[in-house]
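Engineer: Starting from the known structure of chain G, arrange chains C and R on it as the hints suggest.
Chains as they are written, first to last, in numbering that gives the first Met the number 0: chain G, 0 to 237; chain C, 0 to 250; chain R, 0 to 229.
One should not assume that every hint holds.
[Said to hold, decoys possible] Cut-off 25 Å, straight-line C-alpha distance, at most; resulting in silico cross-link-like pairs (DSS-like, lysine-lysine): (1) LYS94(C) - LYS120(C); (2) LYS4(C) - LYS67(C); (3) LYS121(C) - LYS182(C); (4) LYS121(C) - LYS109(C); (5) LYS22(C) - LYS80(C); (6) LYS71(C) - LYS42(R); (7) LYS22(C) - LYS71(C); (8) LYS56(C) - LYS25(C); (9) LYS44(R) - LYS223(G); (10) LYS67(C) - LYS22(C); (11) LYS230(C) - LYS17(C); (12) LYS44(R) - LYS67(C); (13) LYS44(R) - LYS71(C); (14) LYS67(C) - LYS42(R); (15) LYS58(G) - LYS210(R); (16) LYS4(C) - LYS22(C); (17) LYS42(R) - LYS72(C).
Keep in mind that the hints were calculated from the coordinates and are not lab data.
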Amino acid sequence: MDLSFIDLPFLVDTFFVALSGVPITLLVTAVSLLIAIPLGFFLALSRIYEIPVINRIAKIYVSFVRGTPIIIQIFVLYNSVPLILTGIFETYNINYSVYDIHPLWYGFIIFSFNTAAILIEVFRSALGAVDKGQLEAAQSVGLTNTQAYLRIVIPQALVVAVPNLCTATVNLIKATSLGYAISLHEITLKAKVAANVGYNYVEAYIDIFIVYLILCMTVEYLFKVYEKRLKRFRYAKV
Amino acid sequence: MLEIKDIHKSFGDNEVIKGIDLKIDKGDVVVILGPSGSGKTTLLRCLNFLESADSGKAYYGELHVDLKSVSKKDINKIRQKTAFVFQNYNLFNNKTALENVTEGLIIGRKIPKGEANEIAKKALNKVGLSEKYNSYPSELSGGQQQRVGIARAVALSPDIILFDEPTSALDPELVDEVLTVMKNIANEGTTMLVVTHEMSFAKDVANRVIFMDGGIVVEEGSPHEIFVNPKEERTKKFLRRVLPEDYTFHI
Amino acid sequence: MKYILAAFPELLPFLKVTFFVMGLAVLFGTFLGLLLAFAKMGKNKYLRIFANGYTTIMRCTPSIVLLFLVYYGVPAFSEALFGLNLQDIHTGVYVVITFTLQFAAMMSEVLRSAIESIDHGQYEAAVSVGLTPLQAYFRIVFPQAFVVALPNFGNGLIAILQEGALAYTIGFVDIVGKANLIIASNYGTHTLEVFIALAIIYWILAIVIEKIFALLEQFFSKGSRLFKTS
Chain G
0 MDLSFIDLPF
10 LVDTFFVALS
20 GVPITLLVTA
30 VSLLIAIPLG
40 FFLALSRIYE
50 IPVINRIAKI
60 YVSFVRGTPI
70 IIQIFVLYNS
80 VPLILTGIFE
90 TYNINYSVYD
100 IHPLWYGFII
110 FSFNTAAILI
120 EVFRSALGAV
130 DKGQLEAAQS
140 VGLTNTQAYL
150 RIVIPQALVV
160 AVPNLCTATV
170 NLIKATSLGY
180 AISLHEITLK
190 AKVAANVGYN
200 YVEAYIDIFI
210 VYLILCMTVE
220 YLFKVYEKRL
230 KRFRYAKV
Chain C
0 MLEIKDIHKS
10 FGDNEVIKGI
20 DLKIDKGDVV
30 VILGPSGSGK
40 TTLLRCLNFL
50 ESADSGKAYY
60 GELHVDLKSV
70 SKKDINKIRQ
80 KTAFVFQNYN
90 LFNNKTALEN
100 VTEGLIIGRK
110 IPKGEANEIA
120 KKALNKVGLS
130 EKYNSYPSEL
140 SGGQQQRVGI
150 ARAVALSPDI
160 ILFDEPTSAL
170 DPELVDEVLT
180 VMKNIANEGT
190 TMLVVTHEMS
200 FAKDVANRVI
210 FMDGGIVVEE
220 GSPHEIFVNP
230 KEERTKKFLR
240 RVLPEDYTFH
250 I
Chain R
0 MKYILAAFPE
10 LLPFLKVTFF
20 VMGLAVLFGT
30 FLGLLLAFAK
40 MGKNKYLRIF
50 ANGYTTIMRC
60 TPSIVLLFLV
70 YYGVPAFSEA
80 LFGLNLQDIH
90 TGVYVVITFT
100 LQFAAMMSEV
110 LRSAIESIDH
120 GQYEAAVSVG
130 LTPLQAYFRI
140 VFPQAFVVAL
150 PNFGNGLIAI
160 LQEGALAYTI
170 GFVDIVGKAN
180 LIIASNYGTH
190 TLEVFIALAI
200 IYWILAIVIE
210 KIFALLEQFF
220 SKGSRLFKTS
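Same shape as in the complex, but just chain G (with noise of 0.2 Å):
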């Protein structure tokens, strides 16, 4: 089996540069999730007790994100973001360019949207899991609302949603693999640079594949450890 066409030295040389957009992808889904987390969570519970309008908007927006391709919503609001934020700019007076404004920034804005949506339905199911009867317990021992939640139903709710959690951020590293059409500097568009040089296209995406494959996996393994944690309570030895 003659190897050979593969540029061992380049595929190694690569494979770091594919390395160094790992912070960017990282920061990029930290930040997605730090944002969507909340916001899905509370319109997760808008749908559950069916707030009047923000509930419509909560089921329009989950069918827009879910109906269309990632790529398309990264076009949609790459494009159209700056024509909002122009307006809001010119109302105000603030004395700031659009074109200025980092790509990172919108990678953050797009990501969230994104994400947000995912797990709204996330929320809504392990909400949903969790039995009537554990809220209504609660507020039977005088817990308010808020303790209720955070104390009993949210830590259990937690272990029905991790799962689906774990598969929401492998998607959303995955998604990042788009950024490069906002140039943003993550994995795939580091390597592409390297790989136009000598157009040693198949030993770059080699080293994608490879960094993506590694992310997840830790990522998979990391999310499989805490789910265990989470589940002590359910076979706690008396």
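Structural biologist: Positioned in the frame of chain G, the structure of chains C and R alone reads:
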């Protein structure tokens, strides 16, 4: 017509059947009693090869098999001559009551559809479900489902029907309807091997009772012998626990 | 606004291309996914490890990375290993290969969990009335597993359709590829309108598929009874 010699079965390190001999003649109605964990359900499932025994010999009529190395063909042949009634009925959810009964006839025994439908309808009538030919299991009560399960077994005209705690999953009010059906087919001469906790069936219908505990047969005999004159201490202890009143009675 | 509406007639003809390519991917992917599901449930340890490993790798690989790996990798490897020159192969072939591989991974999980969700007692009852194991699976277990798998199959269908939107990155001219061509021919003006039109098309498609599958689920779990006569 059915004979088992020295059957053994373990699950991992746990030996559940520790060498049992069993002989069943045509027309016998044999009840197996015993505490949970005694291995009685496992024994039944081994006879139908739903579990594979570790060792032992079995004679099904003319067919002689070694339980450790029985071939798939022989298993299928034996299943053509036996029938099984499950504790949780296991009716085919995607088929009507009639189809449940005809499935084994048409596919297993290659009986033409018209004839199979006739046999099935007769069997369903016998268990009192002539109104329910086209109902799906989800539309039937537990007692009705189990009666379909019995009709499914009876329609196959097997040499022997194996019953695995047929009434244990039923609400108390529904137990009687199933026991009545079982009594009727016993009176017709069907050979039955029944694992149950229903003492009334053992007392009134069985002609032989086997008491199992800890993987072996502790005692066996006629209902009178077991219930009125048990010899073994373990048998007495078990009967004292499961029969609330003083168990002197008359058969 | 009128630019959005103007985009539709230019885009819609290319929907056929998208359907054709993704249809093939779904067809091959389902078949491959079935094989993988059996491998995962089977007795052979190596097949199980392979099938599970395959699923994990597909789950962790972004679509464009897979697309480019296939697009550059398959010709490169086949040239080096088999001496085959694949220069003239249509881009669409690589698109089908990529999304077949992805869809198969999705389906292997959907089918496996659907089959495993069917109570084992159904199989036991079937063999106890004299069916062979194969007959028991095909007549009793699989029909029930099919109904269980239906909703998740529908979701997978929508998901792969959206992943397919990335085919344009290797130069494939489906509906998204055409959109980019339109934008280029307009010198980059009215990009937002064209993308909004694209988004609407995909959105409607997703909703239609959802509704169709909701109907299918209803039909298969209850509807067949509507046709029974006593």
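Engineer: Look at each hint and say if it fits the structure.
Structural biologist: To see whether the hints hold, each was checked on the structure:
At most 25 Å may separate the alpha-carbon atoms for a hinted pair to count; LYS94(C) and LYS120(C) meet this at roughly 15 Å. Only pairs whose Cα atoms come within 25 Å are accepted, and LYS4(C) paired with LYS67(C) is accepted, the gap being roughly 12 Å. Taken as a hint, the LYS121(C) and LYS182(C) pair is honoured in the structure, with Cα atoms around 17 Å apart against an allowance of 25 Å. For a cut-off of 25 Å, the pair hint linking LYS121(C) to LYS109(C) stands: about 18 Å separates their Cα positions.
As the CA atoms of LYS22(C) and LYS80(C) are separated by approximately 16 Å, the hinted pair is consistent with the 25 Å bound. Between LYS71(C) and LYS42(R) the alpha-carbon distance is near 17 Å, which keeps this suggested pair within the 25 Å criterion. Distance hint between LYS22(C) and LYS71(C) is fulfilled; the C-alpha atoms sit about 24 Å from each other, no more than 25 Å. For the proposed pair LYS56(C) and LYS25(C), the alpha carbon gap of about 19 Å is at most 25 Å, so the pair holds.
Distance hint between LYS44(R) and LYS223(G) is fulfilled; the C-alpha atoms sit about 23 Å from each other, no more than 25 Å. For the suggested pair LYS67(C) and LYS22(C), the alpha carbons sit about 19 Å apart, so the restraint of at most 25 Å is met. A hinted pair counts as satisfied when its Cα atoms are at most 25 Å apart, and LYS230(C) with LYS17(C) qualifies at roughly 21 Å. Between LYS44(R) and LYS67(C) the CA atoms are separated by roughly 24 Å; this keeps the pair inside 25 Å, and the hint holds.
For a cut-off of 25 Å, the pair hint linking LYS44(R) to LYS71(C) stands: about 23 Å separates their Cα positions. Using a Cα cut-off of 25 Å, the hinted pair LYS67(C) and LYS42(R) holds, with the two alpha carbons roughly 20 Å apart. Between LYS58(G) and LYS210(R), the direct Cα distance comes to roughly 16 Å. Compliance with the 25 Å bound is thereby established for this hinted pair. Distance check on the hinted pair: LYS4(C) and LYS22(C) sit about 9 Å apart at the alpha-carbon level, within 25 Å; holds.
Of the supplied pair hints, the one linking LYS42(R) and LYS72(C) holds, its CA atoms being roughly 21 Å apart against a limit of 25 Å.
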